[in-house]
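Asker: These are the residues of each chain, in order.
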Amino acid sequence: MNNSIEIQNLFKSYKKVKALDNLSLRVENGGFYGLVGPDGAGKTTLMRILTSLLLPDSGDVLVGGLDPVKEYKNLRLKLGYMPGRFSLYQDLTVEENLKFFAQVFGTTIEENYHLIAPVYSQIEPFKKRRAGKLSGGMKQKLALSCALVHKPEILILDEPTTGVDAVSRREFWEMLKEIRAKGITILVSTPYMEEAELCDTISLMFDGKIIDSGTPDEITSHFKDPIFIVKTDYVRELLKIVREMPGLKSVNSFGQTLHIVTKSEKFGIIEISQFIKTNCEYAFELEPYSASIEDCFIDHIIS
Amino acid sequence: MSVENIIEVENLVKKFGDFTANDDLTFSVKKSEIFGFLGANGAGKTTAIKILCGLSFPTSGKVNVAGFDVYKQRNKIKQNIGYMSQGFSLYDDLTVRENIEFYAGIYGIKRKLIRIRFEELVEKLQIHDLKNKFVRDLPLGWKQKIAFSVAIFHKPKVVFLDEPTSGVDPITRRQFWDLIYEAVESGITVFVTTHYMDEAEYCDRISIMVDGKIDAMGTPKELKQKFNAQNMDDVFIKLARKAENIE
Chain A
1 MNNSIEIQNL FKSYKKVKAL DNLSLRVENG GFYGLVGPDG AGKTTLMRIL TSLLLPDSGD
61 VLVGGLDPVK EYKNLRLKLG YMPGRFSLYQ DLTVEENLKF FAQVFGTTIE ENYHLIAPVY
121 SQIEPFKKRR AGKLSGGMKQ KLALSCALVH KPEILILDEP TTGVDAVSRR EFWEMLKEIR
181 AKGITILVST PYMEEAELCD TISLMFDGKI IDSGTPDEIT SHFKDPIFIV KTDYVRELLK
241 IVREMPGLKS VNSFGQTLHI VTKSEKFGII EISQFIKTNC EYAFELEPYS ASIEDCFIDH
301 IIS
Chain B
1001 MSVENIIEVE NLVKKFGDFT ANDDLTFSVK KSEIFGFLGA NGAGKTTAIK ILCGLSFPTS
1061 GKVNVAGFDV YKQRNKIKQN IGYMSQGFSL YDDLTVRENI EFYAGIYGIK RKLIRIRFEE
1121 LVEKLQIHDL KNKFVRDLPL GWKQKIAFSV AIFHKPKVVF LDEPTSGVDP ITRRQFWDLI
1181 YEAVESGITV FVTTHYMDEA EYCDRISIMV DGKIDAMGTP KELKQKFNAQ NMDDVFIKLA
1241 RKAENIE
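Sequence order for the protein chains is A and B. Quick note, the first sequence lines up with residues 1 to 303 if you use the working numbering. Quick note, the second sequence lines up with residues 1001 to 1247 if you use the working numbering.
Treat the hints loosely; a few may be bogus.
[Claimed, not checked] Example chain B residues on the side facing chain A (calculated, C-beta under 8 Å, incomplete): (1) Asn-1132; (2) Val-1135; (3) Pro-1170; (4) Leu-1179; (5) Tyr-1181; (6) Lys-1226; (7) Ala-1229.
[What the hints assert, rightly or not] With a cut-off of at most 25 Å between alpha-carbon atoms, the simulated DSS-like pairs for lysine-lysine come out as follows: (8) B:Lys-1155 <-> A:Lys-128; (9) A:Lys-240 <-> A:Lys-209; (10) B:Lys-1133 <-> B:Lys-1076; (11) B:Lys-1131 <-> A:Lys-18; (12) A:Lys-139 <-> B:Lys-1050; (13) A:Lys-231 <-> A:Lys-277; (14) A:Lys-151 <-> A:Lys-139; (15) B:Lys-1015 <-> A:Lys-133; (16) B:Lys-1015 <-> A:Lys-127; (17) B:Lys-1221 <-> A:Lys-231; (18) A:Lys-133 <-> B:Lys-1213; (19) B:Lys-1076 <-> A:Lys-139; (20) A:Lys-209 <-> A:Lys-18; (21) B:Lys-1221 <-> A:Lys-277; (22) B:Lys-1133 <-> A:Lys-16; (23) B:Lys-1050 <-> A:Lys-18; (24) B:Lys-1015 <-> B:Lys-1031; (25) B:Lys-1050 <-> A:Lys-240; (26) A:Lys-128 <-> A:Lys-139; (27) A:Lys-151 <-> A:Lys-182; (28) B:Lys-1112 <-> A:Lys-133; (29) A:Lys-15 <-> B:Lys-1112; (30) A:Lys-182 <-> A:Lys-209; (31) B:Lys-1133 <-> A:Lys-15.
Hints are computed from structural coordinates only; laboratory data are not their basis. Just so it is clear, CB atoms sit at the ideal spot from N, CA and C, and this is done for glycine as well.
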């Protein structure tokens, strides 16, 4: 079975805005692929093209071996899609929504219960409640159940965890892992950089382009500049000071730490430490660091 | 109310039918503080923010914002606060300048003063080429930064930011926090919600709501120590795991 996604030189513009600018990527059969980037990067446009909801300007796209333009009817049968905006029926109950999506695809909840169980069992106690009355985390779970109920071979999820609290986000990714274990190819987008590390393969997207692709480890290994972490109780104060440091490429706050990137090996621990000490008396600890996905993303944007 | 506190909440309860959305909240926010108001979806944050902004009455309890009583002086509160969220910020079909003139006009700022402050803002944000563009044509990052500047244009005592950086790229997110720090230095108090746990650590103090109650409050450092956690993400997860109610 071919449940890969292949994209070659894809272009899509809205009037003057290039939403997708010569995009190529490949999701392997059974892969767990993440598109990581902020709003406006082109993630939703890409997903709408893959799900046959939007026509590309040019480029080659095959989803599960099918062309989303010419073979959209067959494609839609094997796709599960969870759009970014909650798009279930607010006036139907949890159970009615799920039943509706099952029936549209000529199946029943019972037939594929095993598939949706890890997700649906969590909201089943509330199955008589109207979808509009659910909390954010529960809505996401219902939307995922509805996207899965017809037993799709490829699942495409557009920012399923945006605006969802940290705990529900973690649970949601656990569920995706279980779904993936059943052999379903997953393409998921997220603006949260730390979630990228949960995918097998990711693409960092910005302004309609892919700025880097690979496994999370490959991407972080592409980071070549010296990078250091400063732990301090005076993040705001030290940030101002370090911004003036010679040899600095970038400095960014990460919670109660700073990540400092310098232009070359000439600016290392000793130089940074000396610079901070000569400019202030705040206590700090400085160590070498290995770049996170977010460091890589920032580096690509500023270079 | 002490001079120092911009927000004072005592035993705030808000019920919808037999559902208690805010269950006996007590907290205060000091002048020029960045206060992070965290919690899971459905924990009751939005309900509390609506009350603090004078948009909804408490069922019981004392609430004082910017020196005004939430039961009797709601219009005074509205004049003295700013508000911005990811969902509602600027009008797409107006230019940056028109948006500012509109908002500032609503707050009753004189035209001449609007013009002066607008020029200051253009200078500060370096938006000479953006100022006459329609908001819909701006990149999201700029929209959010300008929306924040609009929310504090009338120099409110406190500004409420409801997930202001949701979906914003990592550089803009940090630039946005630089604007927050600047606002704080000018004496504005910031009340902010976020789902980015690193941002929780940029706050002076945070509270974490679980099931309508404030379960933890303190500086990020205190909370990490108390919960024996590496970062705020861990604190949040340890707390929320206790929550019985799935909602």
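Asker: Look at each hint and say if it fits the structure.
Answerer: These are the hints, each one checked on the structure:
| no. | hint | verdict |
| --- | --- | --- |
| 1 | Asn-1132 | violated (17 Å) |
| 2 | Val-1135 | violated (14 Å) |
| 3 | Pro-1170 | holds (5 Å) |
| 4 | Leu-1179 | violated (13 Å) |
| 5 | Tyr-1181 | holds (6 Å) |
| 6 | Lys-1226 | violated (15 Å) |
| 7 | Ala-1229 | violated (12 Å) |
| 8 | B:Lys-1155 <-> A:Lys-128 | violated (48 Å) |
| 9 | A:Lys-240 <-> A:Lys-209 | violated (32 Å) |
| 10 | B:Lys-1133 <-> B:Lys-1076 | violated (33 Å) |
| 11 | B:Lys-1131 <-> A:Lys-18 | holds (23 Å) |
| 12 | A:Lys-139 <-> B:Lys-1050 | holds (22 Å) |
| 13 | A:Lys-231 <-> A:Lys-277 | holds (14 Å) |
| 14 | A:Lys-151 <-> A:Lys-139 | holds (20 Å) |
| 15 | B:Lys-1015 <-> A:Lys-133 | holds (16 Å) |
| 16 | B:Lys-1015 <-> A:Lys-127 | holds (24 Å) |
| 17 | B:Lys-1221 <-> A:Lys-231 | holds (12 Å) |
| 18 | A:Lys-133 <-> B:Lys-1213 | holds (21 Å) |
| 19 | B:Lys-1076 <-> A:Lys-139 | violated (37 Å) |
| 20 | A:Lys-209 <-> A:Lys-18 | holds (9 Å) |
| 21 | B:Lys-1221 <-> A:Lys-277 | holds (23 Å) |
| 22 | B:Lys-1133 <-> A:Lys-16 | holds (15 Å) |
| 23 | B:Lys-1050 <-> A:Lys-18 | violated (39 Å) |
| 24 | B:Lys-1015 <-> B:Lys-1031 | violated (29 Å) |
| 25 | B:Lys-1050 <-> A:Lys-240 | violated (35 Å) |
| 26 | A:Lys-128 <-> A:Lys-139 | holds (14 Å) |
| 27 | A:Lys-151 <-> A:Lys-182 | holds (10 Å) |
| 28 | B:Lys-1112 <-> A:Lys-133 | violated (47 Å) |
| 29 | A:Lys-15 <-> B:Lys-1112 | violated (38 Å) |
| 30 | A:Lys-182 <-> A:Lys-209 | violated (31 Å) |
| 31 | B:Lys-1133 <-> A:Lys-15 | holds (16 Å) |
This entry does not satisfy hints 1, 2, 4, 6, 7, 8, 9, 10, 19, 23, 24, 25, 28, 29 and 30, going by the numbered hints stated previously.
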